[in-house]
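Following the hints, put chain S with the ligand in place on chain E, whose structure we already have.
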Amino acid sequence: MGTLSEISKQIIAGDASSVPSLTQKAISEGLPARDILQEGLIGGMSVIGAKFKAHEIFLPDVLMAARAMQAGMDKLKPLLIKEDVPSLGKVVLGTVRGDLHDIGKNLVSIMLKGAGFEVIDLGNDVSPENFIDTALENDAPVVAMSALLTTTMPVMGEVTDLIRQRGLDKKLKTIVGGAPLSNDAARDMGANAYAYDAASAVDRIRELLSGG
Amino acid sequence: MRPQLRFLDNDLIEKIVGEARVILKELGVTLHNDRVLSMLSDHGARIDKGTKQVYFTDSVIDSALSTVPNSFKLYDVLGNETHDFCSGKVHFTPGSAAINVLDFESGKARPPVTNDYVSYVKLVNQLEHIASQSTALIPSDVHQGMSDSYRLYLSLLLGEKPTVTGAFTIAGFDVMRDLQLAVRGDVDELRERPLTVFSCCPTAPLKWSDVTSQNAIDCAELSIPVELISMPLSGFVAPVTLVGTLIQHTAETLSGVVILQLANPGTPVLYGGSPAIFDVRYETTPMGAVETMMVDCAYAEIGRYLGMPTQAYIGLSDAKQLDAQAGLESSMGATLAALTGINNVSGPGMLDFESCTSLEKLVVDNEICGMTLRMLEGIHPKEDFPSISRFQELLSEKHLLISEHTRRYLREEHYFPGKAIDRAQRSRWLEEGGLTLGERANQEVRRLVKAYEPSRLQDSAKEELQNRMESEARRLGMDRLPETRIE
Ligand code: B12
Chain E
3 MGTLSEISKQ IIAGDASSVP SLTQKAISEG LPARDILQEG LIGGMSVIGA
53 KFKAHEIFLP DVLMAARAMQ AGMDKLKPLL IKEDVPSLGK VVLGTVRGDL
103 HDIGKNLVSI MLKGAGFEVI DLGNDVSPEN FIDTALENDA PVVAMSALLT
153 TTMPVMGEVT DLIRQRGLDK KLKTIVGGAP LSNDAARDMG ANAYAYDAAS
203 AVDRIRELLS GG
Chain S
3 MRPQLRFLDN DLIEKIVGEA RVILKELGVT LHNDRVLSML SDHGARIDKG
53 TKQVYFTDSV IDSALSTVPN SFKLYDVLGN ETHDFCSGKV HFTPGSAAIN
103 VLDFESGKAR PPVTNDYVSY VKLVNQLEHI ASQSTALIPS DVHQGMSDSY
153 RLYLSLLLGE KPTVTGAFTI AGFDVMRDLQ LAVRGDVDEL RERPLTVFSC
203 CPTAPLKWSD VTSQNAIDCA ELSIPVELIS MPLSGFVAPV TLVGTLIQHT
253 AETLSGVVIL QLANPGTPVL YGGSPAIFDV RYETTPMGAV ETMMVDCAYA
303 EIGRYLGMPT QAYIGLSDAK QLDAQAGLES SMGATLAALT GINNVSGPGM
353 LDFESCTSLE KLVVDNEICG MTLRMLEGIH PKEDFPSISR FQELLSEKHL
403 LISEHTRRYL REEHYFPGKA IDRAQRSRWL EEGGLTLGER ANQEVRRLVK
453 AYEPSRLQDS AKEELQNRME SEARRLGMDR LPETRIE
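The listed protein sequences correspond, in order, to chains E and S.
Residue 3 is where the first sequence starts when you use my numbering, and the numbers rise one by one after that.
Residue 3 is where the second sequence starts when you use my numbering, and the numbers rise one by one after that.
These are computed hints drawn from the structure, not numbers from a lab.
It is possible that part of the hints are untrue.
No farther apart than 30 angstroms at their CA atoms in a straight line, the calculated lysine-lysine pairs in the BS3-like style are these [as the list claims (entries may be wrong)]:
1. S:LYS17 x S:LYS209
2. S:LYS384 x E:LYS55
3. E:LYS55 x S:LYS110
4. S:LYS322 x S:LYS452
5. E:LYS115 x E:LYS172
6. S:LYS75 x S:LYS91
7. S:LYS91 x S:LYS421
8. E:LYS77 x E:LYS92
9. E:LYS79 x E:LYS92
10. S:LYS209 x E:LYS115
11. S:LYS421 x S:LYS384
12. E:LYS53 x S:LYS322
Isolated chain S (complex conformation):
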């Protein structure tokens, strides 16, 4: 049996969805994009052009729910399948778009530069339990106008795993589309084998900005998968109760599903989000709060009920360092997410309310993910019935270390974490330097960055990527891109 967690029963889900529909029909959403407004209007939604308000109908919602796929796949830069977003499959991806990187040497958070991003990609490429890259850092040494596309460029050039990303402007999307085409060759191939997931964020409460709406329909046109990231903040720009927050999240996310499905029926969607409770003592949005995690898991149950694969920003921490709080919040989140069956879990590596990425934390979180995925496999008999002969063997041999059964199942049954996790005797630990978690993780970061092997993407595609990025840089007035050391 696969372990599974539930916070909501179907009655409560029905009630929440019913309420969200009422909100969408009676209050509607504000949508600052005329193209999307007229598209919605063409499909029977009532539009108020003056206030940019859209009032949805049951039929437009039902029709979107009938075309949205209940699963889809992702492929790496080489075209190999890496993700199957379908019922119960859990994949981890680094938390996205940090403002700072936590510099291990100085212990300080600082704006990232190209080399931080390069190390990050090299690392993620080799972390076994992190299934995709995300454009996790925003290098500060390129023109701001290309800060969204430049991250994707580095990821596609240096890494092989598919990438979870997002555009910051309408024009940013075009460059990011071209970069994907440089890898895939043409639009049909990109449609056939999606390489990225784009985040599109409605604005709480119940609003869609021009940029986000346009990004959404631009993705839909090319069947690029979209994760809808609604961010109600409980008690501030959303009701304080978890159910109230879920109603708002459902309304905002359903409005996104409608936009995407009208733009191109069948567009792959992850029913996602980044809600948080609002901490009324510090004026912050704690991602490590247990209630934040409960809302994440609960909306994922709703998403699944509505027939979509799911995503959440969970398994990250508000701590400022790689400390015990970081471990506690990240592992609690990752565990709850996995037990809920959230398909794309965005979190590893992140600290400080989504503001800071630590490469060392990424290494530790990779272990959290590994353990979590092992847990998900559950407990299954493997030649355990009848068991009498095994115990006869144990009693006669005094141990089972070299038993056939042990050798067959050892690696399946036991997960072996990497060097970051300490399982040594105290004396050995001391002999090996008595290293802290951070120090062990840092050693792993260095080892892996060094062990990186260049992406197997064909050279012609790499050149094409470079050409496209360089021409964008020139357009923005940079003569050349920062040096990237690939070997």
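Okay, chain E solo, but in the shape it has when bound:
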């Protein structure tokens, strides 16, 4: 079996102890960083994603795989930078102002990191300005917002309005989630995407970044 398929196999198995050395092995074999990332690490995670949706495996298995993937990423990162492979993307994430519900948001963060995204987690009670300024400072193309209360959901609309007012709508994409949200609500407030759970948040953000 090739090293890359061995990497994805160990990611699927959630084995964080073997993935770093396998990644190192792939690097020593001279494989391009991009291939190690795409075929090895992300390859494993896509299988995991599909199995999770089919209820063949459960959330803890996904998180184990994500941890293994993270361990491989740590090894690969210097090479990705050296070979100028763009990161999958940076996401600024937070629960909106006035809202302290962060359990769902934290799960989204874990899943995004597991899928290889860089996440800047602003915590909860985050102001509209803070979302946008942080995204700009860090050159992050995605603002992901969580709200669990009817009363705080409108803050998301403030963020999308502010993005448009500041002429940033080409540069910043928004995704929203949380119990009071829906596709309709997201559309009404001018957000670019909505996801009902953390696993689909990963898919939607991928689509946003690929211009989908």
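Only chain S with the ligand this time, still in chain E's reference frame:
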């Protein structure tokens, strides 16, 4: 004999409580409110100002447990006693604070507006087995800054039953206090006859937000009863085992008891919660899971053991419609809750993980509650010994339909559900339209909303309520409140 269910024996309860005390002493809780921090510190708890961590002591816990009342009462807007939260008494209240209302006509969940809330209050006012109102919906047609107080306003204005509620902000509480004073007249009267129960929710794991801590001590100051709603999610932000979840729930709830009792010894408390297992397939918090219900019943046993009346979010469903799953989860929960003797059961009307309220479901759940309460009364002899004369009567008359004994006990022994529950012959059912449960319940909703009679609260109090709410609305930039059709 009264039927009763137990999941825990006293040894296991002692062990769980002992473990919770260790957690409170050694790990403590994070508490983002300086006033409460210094109050705890004054009473001997160790405080780390930098990390906002409080480490409890056995003596502060014991002293709280010695002042917390083992029972208390609630009174309706007219001042009549409606609730006695004491050993074994079970009362039902609608599940609280839904994001959506399930619109019967369209079958869709949508944000509620004032008129939905008005219909809801009219309905609850007349549902016999739902003992109190709760601020079950959040009308979306008023300023968000008043969405907590506006619900209470409508409930106090239109309904007579006491109200289970909660504030969303520190300022929200002040308005909600003033609304209660508009009904009761003054603070002493409110203290004497509590009208509401406020939910205060510690943040899992082992945290208290600024707002919740402040709401808690604000309630305590006025002796407003508080239900402590700890929400460990098993396997996610709490241990996966039910015992582990119970340890966390006990620690979080005990920390709340301490805060309330230090703020004002004797503050009435419901030892409550809304725990759930975490479904690792869907990333959800199923309220209809049997393990969620087991945790509810078990912590209520712990609460009772510690000497407090109890509350739980149980008897609700994760279904999206009024379907068989809704019935199964709601009735299983209501039955288990009643058999456990949970004093305030929050659930009727709710679907979709506490996110959606259905008026039709409320009508059906009222029947579930009625049947459950009947079951709780148990089986008792009523002129049944000796029985020979009754059987002689039966054999000679061929029936007992008009027997003295039947007429005396019929209504006590048999519970008669309303129209939502189908007990007709198939032909009659067909002749009457072959209606589904949802359709029958909807007919009941319409009938009851129409049959509503205005609250008997005195007009001066109603005016006072209106004035206070209107001035709050103006403060928030609304010229007037949405129209409420009262008749
Ligand atoms: C746990 C909980 C709490 C905990 C939160 C702890 C914490 N650290 O987060 C505590 C106790 C603190 C709490 C407090 C309150 N709560 Co609360 N809470 C809940 C509860 C029971 C579960 C939420 C949860 O964690 N679910 C599990 C996670 C995994 O799911 P999730 O959050 O939905 O997230 C998933 C998806 O939505 C999505 N997602 C989430 N965020 C994002 C973001 C993006 C970008 C994307 C793509 C996807 C996404 O992915 C996640 C993973 O699958 C809900 C009811 C419910 N079932 O939703 C009520 C609920 C949300 N709370 C409610 C209320 C009323 C309150 C309080 C106001 C109560 C009070 N009076 O004190 C306070 C508000 C405090 C505040 N200012 O925020 C109401 C809201 C009502 C309304 N109409 O707005 C609810 C619906 C319960 C109810 N009916 O009463 N609550």
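The hints, checked one at a time:
Under the criterion of a C-alpha separation no larger than 30 angstroms, the hint pairing LYS17 (chain S) with LYS209 (chain S) is consistent with the structure, at around 22 angstroms. In summary, the hint linking LYS384 (chain S) to LYS55 (chain E) is not supported, as the alpha carbons are separated by about 58 angstroms, beyond the 30 angstroms threshold. At most 30 angstroms may separate the alpha-carbon atoms for a hinted pair to count; LYS55 (chain E) and LYS110 (chain S) meet this at roughly 26 angstroms. Under the criterion of a C-alpha separation no larger than 30 angstroms, the hint pairing LYS322 (chain S) with LYS452 (chain S) is consistent with the structure, at around 27 angstroms.
Under the criterion of a C-alpha separation no larger than 30 angstroms, the hint pairing LYS115 (chain E) with LYS172 (chain E) is consistent with the structure, at around 24 angstroms. This hinted pair checks out: LYS75 (chain S) and LYS91 (chain S) have alpha carbons roughly 11 angstroms apart, not beyond 30 angstroms. Our distance criterion of 30 angstroms between C-alpha atoms is met by LYS91 (chain S) and LYS421 (chain S), whose separation comes to about 27 angstroms. At most 30 angstroms may separate the alpha-carbon atoms for a hinted pair to count; LYS77 (chain E) and LYS92 (chain E) meet this at roughly 19 angstroms.
Restraint check for LYS79 (chain E) and LYS92 (chain E): the C-alpha separation of about 15 angstroms stays at or below 30 angstroms, so the hint holds. At most 30 angstroms may separate the alpha-carbon atoms for a hinted pair to count; LYS209 (chain S) and LYS115 (chain E) meet this at roughly 26 angstroms. The suggested pairing of LYS421 (chain S) with LYS384 (chain S) holds, with an alpha-carbon distance near 29 angstroms, which does not exceed 30 angstroms. Pair hint LYS53 (chain E) plus LYS322 (chain S) holds up; C-alpha atoms about 25 angstroms apart against a cutoff of 30 angstroms.
Hint check: a violation occurs at hint 2 only; the rest are consistent with the structure.
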